[in-house]
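A.B. asks: The residues making up each chain are set out below.
Protein chains: 2
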Amino acid sequence: MASLLRTASRTPPSLNRSLARTTRIAPVALPRRHASSTASNGSQPFFPDEPAAPIVQTEIPGPKSKTAIERLQKVFDTRSLNMMADYSRSYGNYIADLDGNVLLDVYAQIASIPVGYNNPTLQLAATSPEMASAIINRPALGNFPQHDWADILETGILSVAPKGLDQVFTGQSGSDANELAYKAAFMWKRQQQRGGANVDFTEQEIASSMVNQSPGAPDLSIMSFKSGFHGRLFGSLSTTRSKPIHKLDIPAFDWPQAPFPVLQYPLDQFATENAAEEQRCLAETERLITEWHAPPAAMVIEPIQSEGGDNHASPTFFRGLRALATKHDILFIVDEVQTGVGATGKFWAHEHWGLDTPPDMVTFSKKAQTAGYYFGNNDLRPNKPYRQFNTWMGDPARAILFRAIIHEINRLDLVRSTAATGAYLHDGLARLADKFPGEIQNLRGKGQGTFIAWDSDRRDEVLRKAKGVGVNIGGSGERAVRLRPMLVFQKHHADLLLERLEAIFKS
Amino acid sequence: MASLLRTASRTPPSLNRSLARTTRIAPVALPRRHASSTASNGSQPFFPDEPAAPIVQTEIPGPKSKTAIERLQKVFDTRSLNMMADYSRSYGNYIADLDGNVLLDVYAQIASIPVGYNNPTLQLAATSPEMASAIINRPALGNFPQHDWADILETGILSVAPKGLDQVFTGQSGSDANELAYKAAFMWKRQQQRGGANVDFTEQEIASSMVNQSPGAPDLSIMSFKSGFHGRLFGSLSTTRSKPIHKLDIPAFDWPQAPFPVLQYPLDQFATENAAEEQRCLAETERLITEWHAPPAAMVIEPIQSEGGDNHASPTFFRGLRALATKHDILFIVDEVQTGVGATGKFWAHEHWGLDTPPDMVTFSKKAQTAGYYFGNNDLRPNKPYRQFNTWMGDPARAILFRAIIHEINRLDLVRSTAATGAYLHDGLARLADKFPGEIQNLRGKGQGTFIAWDSDRRDEVLRKAKGVGVNIGGSGERAVRLRPMLVFQKHHADLLLERLEAIFKS
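Chains as they are written, first to last, in full-length UniProt numbering: chain A, 1 to 507; chain B, 1 to 507.
Honestly, the hints are just simulated from the structure, not real lab data. Some hints here could point you the wrong way.
As the list makes no split between identical chains, a pair holds if one copy fits it or if it spans any two.
[As the list claims (entries may be wrong)] Distance condition first, Cα-Cα at most 27 Å in a straight line; then the derived DSSO-like pairs of lysine-lysine:
#	residue 1	residue 2
1	Lys74	Lys64
2	Lys243	Lys163
3	Lys74	Lys384
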């Protein structure tokens, strides 16, 4: 840590020099900033030793990165590589590379870094004897859990369980979490159809299951929504509807796709049209539940469709879905893999909906740095052991890390901070949208923390230029710019981001 | 570490006392052993401070474990719990619990602990600054790999790549590794059908993929073998054919199941019958490849069917499968999730086959403590980026650990040691089988390191009694006892195991 902090504070924020060296992209004029202005809007910085501003010393990738990428390419597919990082020199909101570039990171490993690179609190957790044991003595959790597993869960993962959900099944990735939830839903639904937990499987079910045929392998489905993303394993990919590149050439289950509302912006100008659109989607959803040839055991939905382009719907719509699920006796699974853990200004995004009845399952991953699903209903524990099971069932090392993340979020009050920073950032973006209406279209995410996005006709160019001025931003869907900063992103970072966006728009 | 070593060496190997306290199970008479005899057969112990013998102080679970299990049960399904462990007191080949019991562990977290609990070499790797960074700065490897990712792969995972395979795609679990391999196979096969990497997707493919229909979601399959196990996610579960409890109530793809040879033992007495059985299975496999309504893009097989009951086939059979795959232009995927990393006396079990052409992909997990698949053919890199992709694409922390495991295996020559210990153990079991033919039926795994199993009509009772005399053993299939000791299991451990088995058989 010590050497890293020295490195970070030693590096001069020499933006002018760095911009002059950005050879690939036409220079963008930026206002001069000084280190002393970084926290000028009043909030105390969570990382006082962060660079005062991004540092761009070479084109990206620079020469050292190019050499490293060439080497990696021989053994590992690098065609999706965005930037080769040097994490030993990354700190807080800033990601560093091998060529001396240090970028403000508002993409954060596809929304997965919660509390900053090399966060000192996490560093302590990562170097604890407990962590070392979890790394080297990895248990098969279902068979041989460690004696303090209940404690790790209760003081960590379960301490932030969504209201109404008090149990957890741990997994390893967002896709995995969703598939485990789907399996729980299928077992629950078949148990219900069979007449309860005490009714045993028939001989026919047992025999047919082994040859992948109904009724043992039932003709049931999981309903998902157009443009949704739920992962890329075979079951989760069958519910993913974001882009063809995710799905082409992969066999899929014939499961139903309900429409997701396509809202018009600004919301206050299209209130009537948007309400009608949501009603249309609810009606079609109900039709599919009752008429699809393979009836759904559950529906799965993201609070904000993230990979699909940051598509929002109103709390009314989500409450409507919850009601439909209850009415037709199917489960309501909320996929909070990308929205969860604070980024929307609530710990879980579905808290914005004001549900009377909680979701049946909530899945998590990404910022949790581990994965799994929460549930509250004992009937979602299958009627026999070993039905929901695998060797590792998660990773205690990652569960211990999530506990440290939760403590850091609480210590710094990061969910509230994110709500405030998000409001400030959204205001700034709204001003920019007024000034550059062609550049920021359909600005969305108001009141949703820093979970903000907009559409752009030259999205890929904007993302490229952003790197040239020291900001790492991601896209989603066909033409959305999505902001996914960490929970330690503050108003002074928002200022840096807004200035740079304005400079790009002017260029 | 220090306190743990003290604890281990301080504990007296007071077997007589411990057996007297084993209240659930009728006492089993054991020969007296002394600490000094632990390495009496000549080999130097890898863990000199291990207990000299198992220690059983209470019934298992004992009172403290019962309390802990009760607490865990409220938030986490414990019905598959075998034993609650205290890893801080586990060491080498011995697993400890909360009640002072320390068992010789020949199950090793379902074959997943490679080089002993609290292995000092792994402890060093786990407490390195590199590991801490990997834990707290987890990258999205496909987008933002760390600058030393090539080095970590080349000096670790790729340094043990099977012959002919020089690239890797990293994942998180065995199921995940298999599904990633299946996806690579489907993309490869469709590319071939389409006419090469440069032929673009049709509009029809793009549109149909988004609604889970052919041709975009093609009617292709993965062929697997009866009694095989390849995981429990939706695609991998569709290839799993081990037990109904794994499959019941979960929708599955209509993929073909080829027969796996059912060999008769002892092998030398049934050479003709077994050869005919294997020929029958090869013929039926070829028929399915050519006639199944959804043609296979690949076949997947375990070198030894592990979860399905430790079913073996001869190298001739596997060479026959490789030839069939080549002849019919489908891929040959070898699932080494359980057999890989040394346990069979070769680093990869398929090295026993003497293949002329390597497998197209080899999947790994478990003892590697990370997961993924190896491949050698550049055509298995999809023709566009982001087709084979997910957020994390593995975990550098686990890749760093695997590198340390590989170094430890090399340092102690553990693959050769396992081959020798396995031969010694098999001889001892063969003698026991002669003496107790009803207890040890169909002994198998000769020449396969410590990857040994047998059938037993009272399997579950034997496993229960084994705990009572201080040995943790696992089962598989309907009635197999499977041994899955670590690579640091030595002849003096084999002696302890054989003595205890004999005592159980006599009881």
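A.B. asks: Next, verify each hint and record whether it holds.
C.D. replies: Verification of the supplied hints:
no., hint, result
1, Lys74 with Lys64, "within (16 Å within a copy, 53 Å between copies)"
2, Lys243 with Lys163, "neither (33 Å within a copy, 37 Å between copies)"
3, Lys74 with Lys384, "between (47 Å within a copy, 16 Å between copies)"
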